[in-house]
Every structure is written in structure tokens, then in C-alpha cells.
Amino acid sequence: MAFLEVRGLEAYYRQTQALFGVDFELDEGSITAVLGANGAGKTTTLRAICRMVRTEGEVTFDGQELTGMSTERVVGLGIAHVPEGRGTFVRQSVEENLQLGAYTRKNKADIAADMESVYGYFPRLGERRRQQAGTLSGGEQQMLAIGRALMLRPKLMLLDEPSFGLAPLIVQEIYEIMARIREREGTSMLLVEQNASIALELADHAYLLETGRVVMGGESSLLRDDEDIRRSYLGY
Amino acid sequence: MDLFLQLTLAGLAIGSIYSCVALAVVMIYQATDHFNFAQGEMAMFSTYVAWTLVGLGAPVWLAFLLAVGISFLAGVIIERVIVKPVENAPVLNQIIVFIGLLVIFNAVAGWIWEFTIKPFPSLFPEDLGFKSTLIGPHHLGVIALTLGVLALVFAFFRFTRVGLAMRAAAANPDSARLVGVSVGWMLALGWGLAASIGAVGGILVAPIVYLEPNMMAGVLLYGFAGALLGGVSSPGGAVLGGLVVGVLENWVGQYVPGGSELKLTFALILIVGVLVFKPAGLFGRVVVRRV
Amino acid sequence: MDRPNPLRPGLLVGFGVAIVFAAIVPHLVSDFTSFQFTQAMAYGIALLGLNILTGYNGQFSIGHSAFYAVGAYTAAILLYHFGWNHYATLPVAALVAFVVGFLFGLPALRLEGLYLALATFAFAVATPQLLKFDAFEHWTGGVQGLFVPKPEPLIEGLSADQSLYYVTLAIMAFLMAVAWCLLRSRSGRAIMAIRDNPIAASTMGINTALYKTTTFGISAMYTGIAGALSVFVTEFVAPDAFNFFLAVNLLVGSVVGGIVSIPGVIFGGLFLVFVPNFAQDISRAYPFVPPPWAIFGIFLILAIYFVPFGVWGAVERALAWWKRKSAA
Numbered sequence: 001m002a003f004l005e006v007r008g009l010e011a012y013y014r015q016t017q018a019l020f021g022v023d024f025e026l027d028e029g030s031i032t033a034v035l036g037a038n039g040a041g042k043t044t045t046l047r048a049i050c051r052m053v054r055t056e057g058e059v060t061f062d063g064q065e066l067t068g069m070s071t072e073r074v075v076g077l078g079i080a081h082v083p084e085g086r087g088t089f090v091r092q093s094v095e096e097n098l099q100l101g102a103y104t105r106k107n108k109a110d111i112a113a114d115m116e117s118v119y120g121y122f123p124r125l126g127e128r129r130r131q132q133a134g135t136l137s138g139g140e141q142q143m144l145a146i147g148r149a150l151m152l153r154p155k156l157m158l159l160d161e162p163s164f165g166l167a168p169l170i171v172q173e174i175y176e177i178m179a180r181i182r183e184r185e186g187t188s189m190l191l192v193e194q195n196a197s198i199a200l201e202l203a204d205h206a207y208l209l210e211t212g213r214v215v216m217g218g219e220s221s222l223l224r225d226d227e228d229i230r231r232s233y234l235g236y
Numbered sequence: 001m002d003l004f005l006q007l008t009l010a011g012l013a014i015g016s017i018y019s020c021v022a023l024a025v026v027m028i029y030q031a032t033d034h035f036n037f038a039q040g041e042m043a044m045f046s047t048y049v050a051w052t053l054v055g056l057g058a059p060v061w062l063a064f065l066l067a068v069g070i071s072f073l074a075g076v077i078i079e080r081v082i083v084k085p086v087e088n089a090p091v092l093n094q095i096i097v098f099i100g101l102l103v104i105f106n107a108v109a110g111w112i113w114e115f116t117i118k119p120f121p122s123l124f125p126e127d128l129g130f131k132s133t134l135i136g137p138h139h140l141g142v143i144a145l146t147l148g149v150l151a152l153v154f155a156f157f158r159f160t161r162v163g164l165a166m167r168a169a170a171a172n173p174d175s176a177r178l179v180g181v182s183v184g185w186m187l188a189l190g191w192g193l194a195a196s197i198g199a200v201g202g203i204l205v206a207p208i209v210y211l212e213p214n215m216m217a218g219v220l221l222y223g224f225a226g227a228l229l230g231g232v233s234s235p236g237g238a239v240l241g242g243l244v245v246g247v248l249e250n251w252v253g254q255y256v257p258g259g260s261e262l263k264l265t266f267a268l269i270l271i272v273g274v275l276v277f278k279p280a281g282l283f284g285r286v287v288v289r290r291v
Numbered sequence: 001m002d003r004p005n006p007l008r009p010g011l012l013v014g015f016g017v018a019i020v021f022a023a024i025v026p027h028l029v030s031d032f033t034s035f036q037f038t039q040a041m042a043y044g045i046a047l048l049g050l051n052i053l054t055g056y057n058g059q060f061s062i063g064h065s066a067f068y069a070v071g072a073y074t075a076a077i078l079l080y081h082f083g084w085n086h087y088a089t090l091p092v093a094a095l096v097a098f099v100v101g102f103l104f105g106l107p108a109l110r111l112e113g114l115y116l117a118l119a120t121f122a123f124a125v126a127t128p129q130l131l132k133f134d135a136f137e138h139w140t141g142g143v144q145g146l147f148v149p150k151p152e153p154l155i156e157g158l159s160a161d162q163s164l165y166y167v168t169l170a171i172m173a174f175l176m177a178v179a180w181c182l183l184r185s186r187s188g189r190a191i192m193a194i195r196d197n198p199i200a201a202s203t204m205g206i207n208t209a210l211y212k213t214t215t216f217g218i219s220a221m222y223t224g225i226a227g228a229l230s231v232f233v234t235e236f237v238a239p240d241a242f243n244f245f246l247a248v249n250l251l252v253g254s255v256v257g258g259i260v261s262i263p264g265v266i267f268g269g270l271f272l273v274f275v276p277n278f279a280q281d282i283s284r285a286y287p288f289v290p291p292p293w294a295i296f297g298i299f300l301i302l303a304i305y306f307v308p309f310g311v312w313g314a315v316e317r318a319l320a321w322w323k324r325k326s327a328a
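Residue numbers (my numbering), protein chains in the order written: chain A, 1 to 236; chain B, 1 to 291; chain C, 1 to 328.
Hints were generated in silico from the structure; no laboratory data involved.
Quantities reported herein were computed from a predicted structural model and do not represent experimental measurements.
Among the clues, some could well be false.
Interface residues of chain A toward chain B, partial, derived using beta-carbon atoms under 8 Å [to be verified]:
1. 83
2. 87
3. 91
4. 96
5. 101
Taking lysine to any residue pairs in the SDA-like style, the calculated list, with each CA pair at most 20 Å apart, reads [claimed, not checked]:
6. 84(B) <-> 305(C)
7. 278(B) <-> 112(C)
8. 132(C) <-> 218(B)
9. 131(B) <-> 6(B)
10. 132(C) <-> 261(B)
11. 263(B) <-> 135(C)
Beta carbons: idealized from backbone N, C-alpha and C, even for Gly.
Given the sequences, and given the hints that come with them, work out the whole structure.
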């Protein structure tokens, strides 16, 4: 059984259905990208895994069925979600944001060590550790969101459009750091992106979502190299 | 000059009680965006609990600590049982639940303990080892104790893991859930803390105004006025606001004709005045209206 | 669609029965019961004011007891000090309450719902103290309040209570009709648009500020008229009759009848007069039952959990269900 297995996932916002039976899987230590246009259901897929929307279907993580759990319990299993819009605690300091990321953990020495390692990945956060997080730039807030997720020592990271609204250079920087994180920590990642070209560079596998359904999936290189798919779905 | 100093110091004492109530109000406001109109009656009820414990022979300090603890539990239970069902209901429904609570506490207190006024012992000794014509021992104790309590509360929020989680849950519930914070329980904890802080206010004010079921109406209004003056988005501001309001109340009572009779009206004027001229309060942020 | 709406005749019959019943009630029951019905209708008028404000305009007041007091004291002072005719005091009470409400509504322009609720709360809590204030004692009678006579019967052969019942019934019917027309007019749609989406309403060119204050004034006016009528019924005013618990009463009545309704106020008014007596009887009979006010509070919370739309909301839902069923 795969590390993360999603079967027949449906999601609803009140009466409106947003996902119509999504299936995909993710292997331990791998990076999988979920691509698609606006409104295809990418964000909803992540929210459904974290039980933030009403869902039907099966989500199994590391042999455990997630359906029916609260969001907090899912997080407790080691799934860190870097949400759309970054979810910064704007009135709290950078350091407090990172501490919150480690909320479910107990060992203080480990937490302190991990915080230093986050500052290692993102030196700019280290320079601003006492600063109110709301005063950071967009790129720094994205770094903080990833750093906050790392503080969980996650087995799986869900990343919702880390490139959103950022300058190309910053996007480049963030993706390089993500690659380094995978290399060093071996963290599995489920990555949602509109910026398909950069996501496909990082990811091992990719799925293509259209109006709440998976229309295509496979190795990233296949999607990247297939001229037709690239033109009609990925737009670059 | 002595009179002025006396008034000011007594005002600070009363004001620190208002600060407790204001802080309780602001805590729940920050977590839920709502004013708990029952805050005053809950504090009154806590005070009766303390009074009963004293009657049963408990030393007044023990009664105080027990009542504060019981209030904490009661606050948690009230949130989980009574407030939670309307968590996502329209504002009016929530206000009505608070009003319902207010009425229930008031009526049940009158039912159990009757509406006659009762003297309540001060937590502080008559003789502090020194004498001052400017401030009495109870007032001095009130200032010291509330400052201590407020410092504790701030330390809790500033330096503890749960305090940080509570702030996070209040500021950004979705994000808080995503780091594993149980937002519902943080709200309940907030209610518990607010009830405890309110209880401190009630027990401190009871020796001054005498214990009776309606004793908190005025205190709650001044607490609201203090919270608004300081800014409902700023706990520190609320505390300062409470102190300022307490001093103002005493000055107005002494120097403005009719002021001593119209204390509630003065609170009303303060509330409306702040809302109209400085809605964010002195230290608060302007809340941007969401479309 | 050419099938006649099965509800129209039903509704008309319902109204007819209600009117006939209302007209003969005073001849079926004792003067005291007529007096209670009159009090219920006075409450109903106050609730109408509250519903227009809260239910239709989306502004919260938990201090309408203050406007009730304004109306009551205006009438009482004109009766007691100037010997006016009872019914001549009504327009003055209405006007004074409107002005006070309008002025109080001015801050409302800048306040979101919750803050307005807070300001009205403060107003309600402060009102009894203001009414007792020494400087006004000559006019208000201070703590003692003022005693005023009951209005003489308008028609020979009716008792004073019966006569007042009919007058109040007529006033209530008239004010309900006015509210109905107001809410169905262009202004009414603006009032409700402000409730549903204030920002959209102002971008559509609705003068939100003016509408909100005016609605506040109208609401206070209705409640002020109710206060004046209640003075005729009870024959006296005293500060502590207008404490915060009256404001709670009005809220309860409004919720029970249905906040977004006009006919619901009748149920609300009846509830306010008859249920507390009932609750009092129970708690007198059984010492372990909490006092009436506590029961009131519990009832208020349960009502908002389970039937937040009130009696009239339930009636409307039942009618809609019946309509769907008979259409199928």
C-alpha cells in the first residue's frame, strides 16, 4: 500500500460539490505535484486530506484511515499543511510562528534544534526572528510557512502554491530550498501548483486535475515531455 | 490636594477592578469577536460562591482561590455546553444566548442567596503595619492583587505554550488547526480564564459595593467602557482603560454636579463617546470591515 | 400555474377569524383579562419596533426598554403635570421617542452591530438611574414615579378596560399595517438590503446612514407609543419598571414571535403577559423549580437553539410545506 492513498475522494462546500471521485497515490519520500487550472480542485484536495472540508471517500496515510478524524489529529500524525495564503500568524513574531509549528511536540531540546535548522534553511528568517510576522515580505512569509511546517518534523508536507504571488527569483530560491529539504530530511511532499513548469522540475510524479477529477497522471518527465499535454493543459 | 489624591488613588483601586472585567471581556472578544454580556453576572455568581465558602468556615483567602478555580471550570463548561451550539450562528443569536445567561445567573443568585445585600469580608487585613490618610488598606490591597493577577495573565500568554496557542487560535483559527491546536478547547479555556479573572474582580469589589445579585451591572458597564477606551483589540489597553475609567469616575463623582448620582449615565456617555469619536480606542487597531 | 393558490382563501379566513375573535374578546372575558390582553398588545407594538430594527434592518438593540421608558414618561408627564387628554399624548410620545431614537441612532452610522448592541445595553442599564435623578424629580416623580388616571371609556356602555382594549387594538392594527406597507415599499427594500449586504447597498446608491438612523428612529417611535399605552393600562410609571429586564423581556418576545415577522409580535406580546404568570405559579408551587426569570432565560436560550425563527416563522414554514404538498 502506498504511503498516501486517496480513493474516490469527494468534497463539498455546503451544497456545492468540488471534487468528484479523485484517486491518486504518493510513495514515501517522493514528491507528487497536483496541477490544474484555477478552480480545478487543487486546494480542495489538500483541504480534504486535512479534513477541513466535508468529504466522502477514502484517504489512507501510512496505513491509517484519515476519514472521520479532526484536523488536529491529522496534523498529529505528521501531516503538515502549508496553506493557501500562507496562514501566517501576523501578530506573532517569527519565532512564535515556528514554535506554533511544533505545537504537537513535547521535547524542548529537539524543538530548539529544529528551529536552528529552519534558520539554517532560511537565514533571512533567522535575521528576523523577533520581528512581527505580518511585517515580513510575501517571500519571507512563504518561507516562514514552510519553516512552520518543518517544525512538525512532518512525514508528509502538503504545499499549496508556494509560488503564488512571488517574483520569479524568489520562487526559484524557495524551490531550491524545497529540493534541499527533500534531500536532507527525506520528507514526502504533495505539491499543488499553477506554475506547472517549476513544479514538474521538482516533482517525481504529477497528476492533472480538471473540474474536480483526475484527468491524467504519471511520471513528471512524461508530462513534461509530452508536447500535447504541455500545450493543452499546462500552457507553457 | 489631599482630597484629589485620595480620589485618584481610590479611583485607581476601583479602576483596577474594572481592568479585570475589561480584560475578561477583551479576552473573549479576541477569541470570538463577541462581547460576553453575562461576564458581570458570572463574576457576581463567583463572588457568592466565595461568600458561601467563607460561611462554611473557609479562610477568606482559601475561599477566594477556590472560587476562582470553580469559576474557571464553570467557564469552560459554559462554553462547551451553552455557547458552542451557537458558535457559527448569526451575531444576534449569540448575543441572545449571552443575555439568557445573564438573566439565568441573576435570577438563580437571587433564588439561592436572596436579593438582600450582604457584607463581604476584605481579603486584606485592616492593619498593614502603616497608616495612610490617602488610601485604605482594602484599596491598596486591591491595586496590588489585581496588578499581580494581570502580570500572571500576561506571563501566561506571553511565555507559555498554551498561551501562545490560545493567541494563535484567536487570531487565525484555520492556521491554528493546521499546526494541531484544538481551537474549540482554546475557546473553552479562554472562557475559563475570563470567568476566573471576572471572579477576582467580583470578590474584590464586593467589600466595597456589598454583595447582592445586581452588584455587577455598574461594574460591567465600566468594564466595557474601559475595554473600549483602551481598545477592544488590545488586552494591555483594556487594563489601562479600566484604570483611567476608574479615576475618571471618581473625579466626575466629586467635581461634576450630579455626577455621583449618575454614575451609570457617565459610563454610557463614555461608551458612546469612545465609539463615536475613537472607535479603535486609545491602543487598539482599526478593524477593517470585511466585504 | 393557472391553478388558484390554495392558500389565499385559507389566509383570508384566518385573518377574518382573528379579527372577529379580537373584536369579541372583551365581551367574553373579565375586565382583568381584557386588561392583560391590552398589555399584551402594547408589548406587541414595542416588539414591532424591535423587529423592524433588528429583523428587517439588521441593527441590534438590547436596550429598547429605554425607548419604552421615553414614551411612557412623556405620556405620564403630559397627563400628570399638564392634564392632557390621554390620546393627545400619543403623537407627542411618538415624536419624542422618534427624536431620541434618531439621535441615539446617529452613532449607529459608525458602529457595527455588536457595538451598537453594547451602546444600547449601556443605555438600558443607565435608564432607571437617569429617571431617578434629583434634578428631574419635579417632573419625573423620582423614585416614586407618577400616578395617572385610566382613560375614560370612549363609547358609553363599555368599561374603561374594554374601551382601552379596543383603542389599543385599533392602534396596533394601524401600526402593523403601516409597518407592512413600509417594508413593502421602495424604502423597505432599501432597509432590508442594508441588512443583507450593507456595502452592496451603499454601492447601489442607498443612503445607508440616513436609512439606518431613520429606521432606528421609527423603531424607537413604535416602542415609545407602546410605552405610552402601557401607562394608560397600568396607571403609573416608576423608574424600576424600565430596568434592563424589560429590555430582556422585549428581546424574548421578539424571538418568540419571530424576529423577522410582523404578525409574530402578537404571539410575542401574549407570551410576555401570560407565560411569566404561569412560570411564577409553577415556581411557587414547586420550591425546587428555579424562579421565573431563570426559566425565562433558559427558555430564551432553548428558543434560539431550536426555533430561532419564532412562532410566526414556524407558521410560515408550515404554510410553505402545505403549499408544496398541495401543489404536488
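Hints, one by one, checked against the model:
Evaluation of the residue 83(A) hint against chain B yields a held restraint, the C-beta minimum of about 6 Å falling below 8 Å. With a cut of 8 Å, the hint placing residue 87(A) at the interface with chain B holds, because the nearest CB-to-CB distance is about 4 Å. Look at residue 91(A): its Cβ gets to within about 6 Å of chain B, closer than 8 Å, so that hint holds up. Given hint, residue 96(A) at the interface with chain B, holds; its Cβ is 6 Å from that chain's nearest Cβ, closer than 8 Å.
Interface restraint check for residue 101(A): the shortest CB-CB distance to chain B comes to about 5 Å, inside 8 Å, so the restraint holds. Only pairs whose Cα atoms come within 20 Å are accepted, and residue 84(B) paired with residue 305(C) is accepted, the gap being roughly 11 Å. Taking the CA atoms of residue 278(B) and residue 112(C), the gap is near 14 Å; set against the 20 Å cutoff, the hint holds. Between residue 132(C) and residue 218(B) the alpha-carbon distance is near 16 Å, which keeps this suggested pair within the 20 Å criterion.
The suggested pairing of residue 131(B) with residue 6(B) holds, with an alpha-carbon distance near 14 Å, which does not exceed 20 Å. Between residue 132(C) and residue 261(B), the direct Cα distance comes to roughly 9 Å. Compliance with the 20 Å bound is thereby established for this hinted pair. A C-alpha spacing of about 15 Å is found between residue 263(B) and residue 135(C), which places the hinted pair at or below 20 Å, so the restraint holds.
Checked against the numbered hints above, the structure violates none of them.
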